[in-house]
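Q: Could you build all of it, start to finish, from the sequences and the hints given here?
Order-wise, the sequence lines are chains A and B. When the count follows this note's numbering, it moves up by one through the first sequence with no breaks and lands on 94 for the last residue. When the count follows this note's numbering, it moves up by one through the second sequence with no breaks and lands on 152 for the last residue.
Bear in mind the hints are in silico, worked out from the structure with no lab data behind them. Take the hints with a grain of salt, since some may be wrong.
To be verified - Below, a sample of chain B positions facing chain A; criterion: calculated Cβ distance under 7 Å:
no., residue
1, Pro10
2, Arg11
3, Ala13
4, Leu14
5, Ser16
6, Ile17
7, Ala20
8, Val24
9, Gly80
10, Val81
11, Trp82
12, Ile83
13, Ser84
14, Leu148
Think of the CB as a built atom: it goes at the ideal place given N, C-alpha and C, for glycine as much as any other residue.
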Amino acid sequence: MSAGFDEVIHAPHRLRICAFLDATSSAEFATLRDLLGVADSVLSKHLKVLQEAGYVALTKPTGRGRVRTWANLTPAGRDAYAAHVAALRDLVDL
Amino acid sequence: MESNDLDNDPRAALESIAEARAAVADRLVTPWWYHPILGVLLGLYLVAVSYGGPALRVVAVAVLLAGLGLLTRAYRRLTGVWISGLEAGRASRWAWAMGGAIGVCMAAGFALAATGSPAWLVCGLGGVVAVAVVVFGRRFDTVLRAELRSEP
Numbered sequence: 001m002s003a004g005f006d007e008v009i010h011a012p013h014r015l016r017i018c019a020f021l022d023a024t025s026s027a028e029f030a031t032l033r034d035l036l037g038v039a040d041s042v043l044s045k046h047l048k049v050l051q052e053a054g055y056v057a058l059t060k061p062t063g064r065g066r067v068r069t070w071a072n073l074t075p076a077g078r079d080a081y082a083a084h085v086a087a088l089r090d091l092v093d094l
Numbered sequence: 001m002e003s004n005d006l007d008n009d010p011r012a013a014l015e016s017i018a019e020a021r022a023a024v025a026d027r028l029v030t031p032w033w034y035h036p037i038l039g040v041l042l043g044l045y046l047v048a049v050s051y052g053g054p055a056l057r058v059v060a061v062a063v064l065l066a067g068l069g070l071l072t073r074a075y076r077r078l079t080g081v082w083i084s085g086l087e088a089g090r091a092s093r094w095a096w097a098m099g100g101a102i103g104v105c106m107a108a109g110f111a112l113a114a115t116g117s118p119a120w121l122v123c124g125l126g127g128v129v130a131v132a133v134v135v136f137g138r139r140f141d142t143v144l145r146a147e148l149r150s151e152p
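A: Right under this line is the structure:
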């Protein structure tokens with residue numbers, strides 16, 4: 001497998017989560033859930049894997065109304081995602 | 001159940017990435033009122049801090065900060081995403097252009113007020129700021145959407 005290829009990121013749902021978050025500064029939980037078309041529990045599971053790898057940070061801004069969870073890629077997550085995309089391109093170019 | 005196509009096909013994985021980026025572009029539909037309100041807030045701020053006394057300047061800062069907070073919150077609630085103007089790739093140059101235009105107009109406003117120029121000139125500068133925010137802001141959105149739909 002190419003250098004930079006990351007098994008944590010490569011799982012299909014996690015790859016889409018990382019691609020979406022890489023294109024944003026942050027995204028709301030419900031937005032990611034709608035993107036994937038999965039249940040809350042499924043998204044939570046994938047976010048937890050990414051969080052434990054240090055790739056994603058979750059925040060719950062306080063304030064009035066319903067608490068919404070926001071996710072963003074950490075600097076380490078952005079680096080790992082960029083390396084993974086580069087590895088995918090290398091594989092395609094082989 | 002997740003598809004296993006991506007596990008074995010890097011091309012399919014790259015296509016999946018492109019789809020996710022296009023989904024962000026689809027979400028980035030800034031409400032029509034966002035940039036006009038932002039422009040008016042910044043234009044009024046320029047006029048107030050250029051010509052106003054200390055009390056009015058304090059009020060202007062408070063109104064600007066509250067307005068920016070409400071606008072940001074409304075945008076995030078409506079779109080479900082947030083993209084910093086400084087983290088937007090090539091589109092960031094339009095955010096910098098907006099900031100530069102605001103900075104130049106602010107400096108000009110202070111200079112006009114310090115030299116006792118007529119107030120309508122500063123009000124005109126406030127109008128220039130408002131228009132610049134709308135023009136550069138919408139250009140930022142357009143370039144960003146196009147970039148997201150291009151190669152990942």
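Q: Under 7 Å, Cβ to Cβ, is where Arg11(B) needs to be relative to chain A, so tell me if that hint holds or is violated.
A: Cβ of Arg11(B) sits 5 Å from chain A, so the hint holds.
Q: Close enough to count: is the Cβ of Pro10(B) nearer than 7 Å to one in chain A?
A: Status holds, d = 4 Å.
Q: Was the hint right that Ile83(B) lines chain A, CB cutoff 7 Å?
A: Because about 5 Å separates Ile83(B) from the closest Cβ in chain A, which is inside the 7 Å limit, the hint holds.
Q: Please check whether Val81(B) passes as an interface residue: C-beta within 7 Å of a C-beta belonging to chain A.
A: Holds, because the Cβ-Cβ distance from Val81(B) to chain A comes to roughly 5 Å (cut-off 7 Å).
Q: Would you settle whether the hint for Ser84(B) is holds or violated, based on the nearest Cβ-Cβ distance to chain A being less than 7 Å?
A: holds, 4 Å
Q: Using 7 Å as the Cβ threshold, decide whether Leu148(B) counts as touching chain A.
A: holds, 6 Å
Q: Does Ala20(B) hold up as a contact with chain A if the rule is Cβ-Cβ below 7 Å?
A: holds, 4 Å
Q: Does Ala13(B) pass the interface hint, meaning its C-beta sits closer than 7 Å to a C-beta of chain A?
A: Holds, about 5 Å.
Q: Against chain A, with CB atoms and a cut of 7 Å, does the hint on Val24(B) hold up?
A: Holds. Min distance 4 Å.
Q: Measuring from the C-beta of Gly80(B) to each C-beta in chain A, is the shortest one below 7 Å?
A: holds, 3 Å
Q: Given Ser16(B) as an interface hint, is the shortest Cβ-Cβ distance to chain A below 7 Å?
A: Nearest chain A Cβ about 6 Å off; hint holds.
Q: Regarding the hint that Ile17(B) lies at the interface with chain A, is the smallest CB-CB distance below 7 Å?
A: Status holds, d = 4 Å.
Every hint from the earlier list agrees with this structure, and none is contradicted.
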